[in-house]
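*Asks:* Those protein sequences? They're chains A and B, same order as listed. The number in the working numbering is simply the position in the first sequence, starting from 1, with 6 added. The number in the working numbering is simply the position in the second sequence, starting from 1, with 6 added.
Honestly, the hints are just simulated from the structure, not real lab data. Hints should not be assumed to be uniformly reliable.
To be verified - Simulated pairs of lysine-lysine, BS3-like, Cα-Cα distance not exceeding 30 Å:
| id | chain 1 | residue 1 | chain 2 | residue 2 |
| --- | --- | --- | --- | --- |
| 1 | A | Lys13 | A | Lys71 |
| 2 | A | Lys251 | A | Lys52 |
| 3 | B | Lys97 | B | Lys38 |
| 4 | A | Lys51 | A | Lys97 |
| 5 | A | Lys251 | B | Lys223 |
| 6 | B | Lys118 | B | Lys97 |
| 7 | B | Lys118 | B | Lys251 |
| 8 | A | Lys118 | A | Lys159 |
| 9 | A | Lys90 | A | Lys159 |
| 10 | A | Lys118 | A | Lys97 |
| 11 | A | Lys223 | B | Lys304 |
| 12 | B | Lys90 | B | Lys38 |
| 13 | A | Lys90 | A | Lys223 |
| 14 | B | Lys159 | A | Lys223 |
| 15 | A | Lys38 | A | Lys304 |
| 16 | B | Lys122 | B | Lys97 |
| 17 | B | Lys97 | B | Lys159 |
| 18 | B | Lys304 | A | Lys304 |
| 19 | B | Lys251 | A | Lys223 |
| 20 | A | Lys304 | B | Lys159 |
| 21 | B | Lys223 | A | Lys159 |
Unchecked claim - What the simulated footprint calls covered on chain B by chain A, stretch by stretch (three residues with Cβ under 8 Å from a Cβ of chain A suffice, anywhere in the stretch; the number is not a length):
| id | region |
| --- | --- |
| 22 | 19 to 32 |
| 23 | 36 to 44 |
| 24 | 130 to 141 |
| 25 | 170 to 177 |
| 26 | 201 to 209 |
| 27 | 241 to 255 |
On a predicted model such as this, the values are computed, not experimentally measured, just so you know. C-beta atoms are modelled at their ideal positions from N, C-alpha and C, and glycine is treated no differently.
2 protein chains.
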Amino acid sequence: MADVLFKKISFIGIGLIGSSLARVIRRDGLAKEVVACARTEETRKKALDLNLVDNVTDNIALAVKDAELVILCTPIGAYEAVTKNMSGSLKPGAIVSDVGSVKRAVIEAVAKNIPKGVHFVPCHPIAGTENSGPDAGFDTLFEDRWMIITPVKGTDETAIERVAELWRRTGSNIEYMDPDHHDQVLAITSHVPHLIAYTIVGTATDLEERLRSEVIKFAAGGFRDFTRIAASDPIMWRDIFLNNKDAVLEMLGRLTEDLGGLQRAIRNGDGDSLQSLFVRTREIRRSVIEAGQHIPPKPPNGA
Amino acid sequence: MADVLFKKISFIGIGLIGSSLARVIRRDGLAKEVVACARTEETRKKALDLNLVDNVTDNIALAVKDAELVILCTPIGAYEAVTKNMSGSLKPGAIVSDVGSVKRAVIEAVAKNIPKGVHFVPCHPIAGTENSGPDAGFDTLFEDRWMIITPVKGTDETAIERVAELWRRTGSNIEYMDPDHHDQVLAITSHVPHLIAYTIVGTATDLEERLRSEVIKFAAGGFRDFTRIAASDPIMWRDIFLNNKDAVLEMLGRLTEDLGGLQRAIRNGDGDSLQSLFVRTREIRRSVIEAGQHIPPKPPNGA
Numbered sequence: 007m008a009d010v011l012f013k014k015i016s017f018i019g020i021g022l023i024g025s026s027l028a029r030v031i032r033r034d035g036l037a038k039e040v041v042a043c044a045r046t047e048e049t050r051k052k053a054l055d056l057n058l059v060d061n062v063t064d065n066i067a068l069a070v071k072d073a074e075l076v077i078l079c080t081p082i083g084a085y086e087a088v089t090k091n092m093s094g095s096l097k098p099g100a101i102v103s104d105v106g107s108v109k110r111a112v113i114e115a116v117a118k119n120i121p122k123g124v125h126f127v128p129c130h131p132i133a134g135t136e137n138s139g140p141d142a143g144f145d146t147l148f149e150d151r152w153m154i155i156t157p158v159k160g161t162d163e164t165a166i167e168r169v170a171e172l173w174r175r176t177g178s179n180i181e182y183m184d185p186d187h188h189d190q191v192l193a194i195t196s197h198v199p200h201l202i203a204y205t206i207v208g209t210a211t212d213l214e215e216r217l218r219s220e221v222i223k224f225a226a227g228g229f230r231d232f233t234r235i236a237a238s239d240p241i242m243w244r245d246i247f248l249n250n251k252d253a254v255l256e257m258l259g260r261l262t263e264d265l266g267g268l269q270r271a272i273r274n275g276d277g278d279s280l281q282s283l284f285v286r287t288r289e290i291r292r293s294v295i296e297a298g299q300h301i302p303p304k305p306p307n308g309a
Numbered sequence: 007m008a009d010v011l012f013k014k015i016s017f018i019g020i021g022l023i024g025s026s027l028a029r030v031i032r033r034d035g036l037a038k039e040v041v042a043c044a045r046t047e048e049t050r051k052k053a054l055d056l057n058l059v060d061n062v063t064d065n066i067a068l069a070v071k072d073a074e075l076v077i078l079c080t081p082i083g084a085y086e087a088v089t090k091n092m093s094g095s096l097k098p099g100a101i102v103s104d105v106g107s108v109k110r111a112v113i114e115a116v117a118k119n120i121p122k123g124v125h126f127v128p129c130h131p132i133a134g135t136e137n138s139g140p141d142a143g144f145d146t147l148f149e150d151r152w153m154i155i156t157p158v159k160g161t162d163e164t165a166i167e168r169v170a171e172l173w174r175r176t177g178s179n180i181e182y183m184d185p186d187h188h189d190q191v192l193a194i195t196s197h198v199p200h201l202i203a204y205t206i207v208g209t210a211t212d213l214e215e216r217l218r219s220e221v222i223k224f225a226a227g228g229f230r231d232f233t234r235i236a237a238s239d240p241i242m243w244r245d246i247f248l249n250n251k252d253a254v255l256e257m258l259g260r261l262t263e264d265l266g267g268l269q270r271a272i273r274n275g276d277g278d279s280l281q282s283l284f285v286r287t288r289e290i291r292r293s294v295i296e297a298g299q300h301i302p303p304k305p306p307n308g309a
């Protein structure tokens with residue numbers, strides 16, 4: 007009952023996101039052939055061992071040869087070099103897509119390397135866990151999550167729709183958005199929360215030895231959740247912050263102002279201000295629950 | 007096979023923590039009689055309907071009469087008035103304990119109201135969820151968590167041990183700590199993380215309407231976890247910040263400095279600094295996992 011959407015799909019990089027998508031493709035037979043290009047021998051071996059792909063290579067040009075769909079799944083800082091290297095080997099009519107968490111900078115880095123007759127469809131699935139690598143993926147990761155497409159002006163509608171259909175098969179809902187707006191929304195919903203988690207866990211690592219070991223021991227008081235977020239892939243996140251600089255700094259500015267206000271309220275013993283904020287934030291949680299976005303993804307191993 | 011540890015236990019306030027402890031007491035028959043004192047008719051009715059207690063009242067003096075153990079489970083801002091009201095009705099040899107998240111301010115507010123011959127054992131179980139009220143509790147909440155006792159100098163060792171034994175029956179591990187040190191550790195592991203979560207969710211609520219609705223829609227990118235933390239009980243948390251002011255402000259100062267450093271690194275495109283921090287924070291997560299404190303509590307209804 008295989009319903010082949012693409013003859014050959016090539017993954018450039020195959021970590022948490024790429025391998026989760028590959029699992030869906032294999033499970034439902036959505037491609038005749040799946041290939042992964044990865045830099046390390048370890049990743050290539052895992053991708054084969056897990057039966058995520060038919061073939062592996064470290065040669066980008068070879069990987070994309072004859073591919074109908076190429077999906078960039080490396081950290082976004084590598085996109086420019088990667089697409090430059092594949093440019094001459096893409097077949098006419100092929101589609102290049104990605105899963106990067108920033109869209110304006112990605113479009114700038116990639117679009118110039120896409121030859122005439124090849125279609126570029128920038129994508130971002132809003133899903134993930136703190137784990138990395140091909141063995142961290144699972145085929146239900148995208149179920150009931152949003153997948154945002156930020157089309158480049160003038161892109162072939164059929165190409166966009168073919169990519170959208172692939173993602174619908176993962177169980178995600180498709181949303182179309184302007185790339186700059188995407189970057190602003192993601193700065194608030196994802197990038198700044200990660201930066202804050204990294205900061206607070208970083209502050210804890212700088213504590214004197216005894217205090218640090220107690221912070222770990224008593225992490226169940228709230229710190230635990232921050233350590234989870236701050237365990238996300240370091241290179242992927244370095245690239246996100248470097249490539250969404252303006253929106254992240256703008257949001258961080260607002261946050262710092264608000265934090266200053268709370269600091270003053272605590273210093274002045276102003277309980278009413280604190281309580282009224284805490285009541286308001288509780289309502290946002292209610293909205294997130296109503297929107298069905300409150301349940302964290304459940305990897306099958308229950309990690 | 008009931009193993010009665012106390013003849014009568016009285017809960018003053020019975021929310022998430024109190025009702026979870028009451029469930030263990032009832033499940034294992036650890037008290038002959040359990041009573042709850044609650045301000046609202048709704049809470050009293052729930053406590054009875056859920057069979058958490060034998061009796062309910064809104065009269066503190068009546069609630070503590072003949073009790074061998076009285077456990078304060080209200081927001082800590084109410085402790086001073088509550089213990090003043092019960093002072094004349096406590097029976098000689100009774101133990102007063104609590105579950106508050108701050109210990110120095112609690113000892114100052116409570117100790118003066120404890121009559122001679124009554125023992126005060128300040129406690130803090132490091133466990134919880136974002137939900138509140140007697141129906142939010144569950145009997146496994148404390149399993150494999152820490153319960154910190156911050157003994158007041160000169161307190162009867164037997165009284166401390168009786169309280170410790172009750173908590174051991176919940177599955178928690180007992181730790182003894184100096185109250186000031188407790189407040190410092192909790193400022194880092196719990197209070198500042200909650201304050202940051204409240205701030206970031208608050209910043210999002212102030213966004214223009216369209217952006218706010220998108221933040222909720224795409225919360226799965228990381229924001230979700232902050233909304234969960236920022237849904238915690240407003241009055242309980244107001245009281246925590248007001249009563250652990252110094253440690254919270256000190257920690258917040260360190261955090262703000264570190265955040266400034268990261269902000270500069272992003273502005274200057276300093277990827278190496280970002281990456282090296284993100285690698286360090288990942289190691290802390292590993293330590294939290296090794297310490298077995300990484301798994302969030304699982305309420306039986308799976309909420």
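*Asks:* For every hint, state whether the structure bears it out.
*Replies:* Here's how the hints hold up against the structure:
1. A:Lys13 with A:Lys71: holds, 12 Å
2. A:Lys251 with A:Lys52: violated, 34 Å
3. B:Lys97 with B:Lys38: The hint holds at about 17 Å.
4. A:Lys51 with A:Lys97: holds, 27 Å
5. A:Lys251 with B:Lys223: holds, 23 Å
6. B:Lys118 with B:Lys97: Answer holds: Lys118 (chain B) to Lys97 (chain B) is near 16 Å, not above 30 Å.
7. B:Lys118 with B:Lys251: holds, 21 Å
8. A:Lys118 with A:Lys159: holds, 14 Å
9. A:Lys90 with A:Lys159: Within the cut-off at roughly 21 Å; holds.
10. A:Lys118 with A:Lys97: Holds. Lys118 (chain A) to Lys97 (chain A) sits at ~16 Å (cutoff 30 Å).
11. A:Lys223 with B:Lys304: holds, 19 Å
12. B:Lys90 with B:Lys38: holds, 26 Å
13. A:Lys90 with A:Lys223: violated, 48 Å
14. B:Lys159 with A:Lys223: The given pair, whose Cα atoms are some 25 Å apart, holds under the 30 Å limit.
15. A:Lys38 with A:Lys304: holds, 29 Å
16. B:Lys122 with B:Lys97: holds, 10 Å
17. B:Lys97 with B:Lys159: holds, 21 Å
18. B:Lys304 with A:Lys304: With a Cα-Cα distance of about 13 Å, the restraint between Lys304 (chain B) and Lys304 (chain A) holds, given a limit of 30 Å.
19. B:Lys251 with A:Lys223: Between Lys251 (chain B) and Lys223 (chain A) the Cα gap is close to 23 Å, so the pair holds against 30 Å.
20. A:Lys304 with B:Lys159: violated, 47 Å
21. B:Lys223 with A:Lys159: Within the cut-off at roughly 25 Å; holds.
22. 19 to 32: violated (count 0)
23. 36 to 44: With 0 residues in contact (Cβ-Cβ under 8 Å with chain A), the coverage given for the region 36 to 44 of chain B is violated.
24. 130 to 141: That given contact holds, which follows from 4 residues of the region 130 to 141 of chain B lying within Cβ reach (below 8 Å) of chain A.
25. 170 to 177: violated (count 0)
26. 201 to 209: Answer holds; 9 residues pass the 8 Å Cβ test.
27. 241 to 255: Since 9 is at least three, the answer is holds.
In this structure, the earlier hints numbered 2, 13, 20, 22, 23 and 25 are contradicted, and the remaining ones agree with it.
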